[in-house]
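There are 4 protein chains.
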Amino acid sequence: MVSTSTDISSLETPPRCYADFCLVPVGTGKLSVAEEVAAVQRLLKASGLKYTMHSAGTTVEGSWDEVMRAIGQAHTVVHQTGAQRIQTSMRVGTRTDKTQTAEDKVKRVEDILANGEK
Amino acid sequence: MVSTSTDISSLETPPRCYADFCLVPVGTGKLSVAEEVAAVQRLLKASGLKYTMHSAGTTVEGSWDEVMRAIGQAHTVVHQTGAQRIQTSMRVGTRTDKTQTAEDKVKRVEDILANGEK
Amino acid sequence: MVSTSTDISSLETPPRCYADFCLVPVGTGKLSVAEEVAAVQRLLKASGLKYTMHSAGTTVEGSWDEVMRAIGQAHTVVHQTGAQRIQTSMRVGTRTDKTQTAEDKVKRVEDILANGEK
Amino acid sequence: MVSTSTDISSLETPPRCYADFCLVPVGTGKLSVAEEVAAVQRLLKASGLKYTMHSAGTTVEGSWDEVMRAIGQAHTVVHQTGAQRIQTSMRVGTRTDKTQTAEDKVKRVEDILANGEK
Numbered sequence: 001m002v003s004t005s006t007d008i009s010s011l012e013t014p015p016r017c018y019a020d021f022c023l024v025p026v027g028t029g030k031l032s033v034a035e036e037v038a039a040v041q042r043l044l045k046a047s048g049l050k051y052t053m054h055s056a057g058t059t060v061e062g063s064w065d066e067v068m069r070a071i072g073q074a075h076t077v078v079h080q081t082g083a084q085r086i087q088t089s090m091r092v093g094t095r096t097d098k099t100q101t102a103e104d105k106v107k108r109v110e111d112i113l114a115n116g117e118k
Numbered sequence: 001m002v003s004t005s006t007d008i009s010s011l012e013t014p015p016r017c018y019a020d021f022c023l024v025p026v027g028t029g030k031l032s033v034a035e036e037v038a039a040v041q042r043l044l045k046a047s048g049l050k051y052t053m054h055s056a057g058t059t060v061e062g063s064w065d066e067v068m069r070a071i072g073q074a075h076t077v078v079h080q081t082g083a084q085r086i087q088t089s090m091r092v093g094t095r096t097d098k099t100q101t102a103e104d105k106v107k108r109v110e111d112i113l114a115n116g117e118k
Numbered sequence: 001m002v003s004t005s006t007d008i009s010s011l012e013t014p015p016r017c018y019a020d021f022c023l024v025p026v027g028t029g030k031l032s033v034a035e036e037v038a039a040v041q042r043l044l045k046a047s048g049l050k051y052t053m054h055s056a057g058t059t060v061e062g063s064w065d066e067v068m069r070a071i072g073q074a075h076t077v078v079h080q081t082g083a084q085r086i087q088t089s090m091r092v093g094t095r096t097d098k099t100q101t102a103e104d105k106v107k108r109v110e111d112i113l114a115n116g117e118k
Numbered sequence: 001m002v003s004t005s006t007d008i009s010s011l012e013t014p015p016r017c018y019a020d021f022c023l024v025p026v027g028t029g030k031l032s033v034a035e036e037v038a039a040v041q042r043l044l045k046a047s048g049l050k051y052t053m054h055s056a057g058t059t060v061e062g063s064w065d066e067v068m069r070a071i072g073q074a075h076t077v078v079h080q081t082g083a084q085r086i087q088t089s090m091r092v093g094t095r096t097d098k099t100q101t102a103e104d105k106v107k108r109v110e111d112i113l114a115n116g117e118k
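Chains as they are written, first to last, in full-length UniProt numbering: chain A, 1 to 118; chain B, 1 to 118; chain C, 1 to 118; chain D, 1 to 118.
Chain A with its partners taken away, still in its complex shape (with noise of 0.2 Å):
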């Protein structure tokens, strides 16, 4: 097992993630968040990440840093429209055995749905 030294300055992080969340303004007196997620996905369009909106959250997929960053300034963002206080819910997944992608893995269950596999 590795060695966690006191220094983890030159420790990476993950040169790739896949992150799913779902960012709610707490206290802001408005049962909608529509718009707060719309400031995230032009947020989003504009970091240049791969991304996709569904109703319960958003998937980024991208570094570690550049996701991370992107959620940290989608935090910022709906803060500056008022709310002055954020909870976010995040699943991030990482792997080193291959890279896949967000349609990869829907198609691959669906596959298995097709072919009556169990």
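Treat the hints with caution; some may be incorrect.
It does not matter which identical chain is used: a pair holds within one copy or between any two.
[Claimed, not checked] Below, computed lysine-lysine pairings styled on DSS-like, alpha-carbon distance capped at 30 Å: (1) K30 x K98; (2) K50 x K107; (3) K30 x K107; (4) K45 x K107; (5) K50 x K98.
Keep in mind the hints are simulated off the structure, nothing from the lab.
With chain A fixed as given, assemble chains B, C and D onto it according to the hints.
Using the frame of chain A, we list chains B, C and D on its own:
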């Protein structure tokens, strides 16, 4: 604010909820989880609940009890495939002001983006 | 692998699970959620389930059905305080190999750290 | 509402955040994750950030960039132990109204419970 007396047996769970979950088998020695995800999709189909799979999870709609029962059964189904440990990450939303479907949520954001609202 | 036939009514949910959740009221206009969290703690106490609060959520142990019912009732209690929308983030674990309590899990890690195992 | 022009390079990430995460190695063939969790605790100690472990995750406090870098390094450290796939569930909170520590949050709820406020 509401009083929570000792007897909570009559307290209902929400009639409707919106849950997005990602189930991960642990300790199986297999990197792919596609077969387990496919087994869960078959279960959800059999449940009669409304659900959609995306690349980072699956979203299910229904009453709190129905949805949580289905996700619990998903754990059971995946345990039956041999996984001895399972970890699920879940987001669940409930609201009392209105009923909003998955499609409604996405469409609302897309409309804002299309209209260039800020 | 298991067959999931159309009839899933006899499929049980796990007899034991471990859930950590963080409930966020949305659209209340209040930045603090401490009162809502306190209401949830009172509910959990009344439920008879084993639970512990920490700074980022609350961990509950029990059967899948009991735990999910309690968290659903927590949504109801917080809706009754006036919150019309609630978003909860949850992690749930189940295992079939052994029973492990919250204390066990923390102690196991602390032992490794104390022994300098790598 | 804020304009998100094409240039987002000057947009900062939050100066402070509060993250609770649970990291799960996938496909290792080992049911226990205690050694991996211990490796992450050693890394966090070396990071100089404030953190606390509980039975369902670890909470870290610091600037957005520092905290996300540390969690990314945690993925790297666990990949170095041999895990080829890692899935992390995370909750991150930011607020602009005040600074609140982990202890503050828990104490606020305990005070409400002790005073019998409703």
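Hint by hint, here is what the structure shows:
Only between protomers do K30 and K98 lie at most 30 Å apart by alpha-carbon distance; the minimum there is 14 Å, versus 43 Å within a single protomer. For the identical chains of this complex, K50 and K107 are neighbours both inside a copy (18 Å) and across copies (20 Å), given an alpha-carbon limit of 30 Å. Within a single copy, K30 and K107 get their C-alpha atoms only as close as 37 Å, which misses the 30 Å cut-off; across copies the closest is 18 Å, which meets it. Proximity of K45 to K107 under the C-alpha cut-off of 30 Å is found in both arrangements, the shortest distances being 24 Å within a copy and 18 Å between copies.
Taking CA atoms no more than 30 Å apart as the test, K50 paired with K98 passes inside one copy only; the shortest distance there is 18 Å, against 33 Å between copies.
In this structure, every one of the numbered hints holds.
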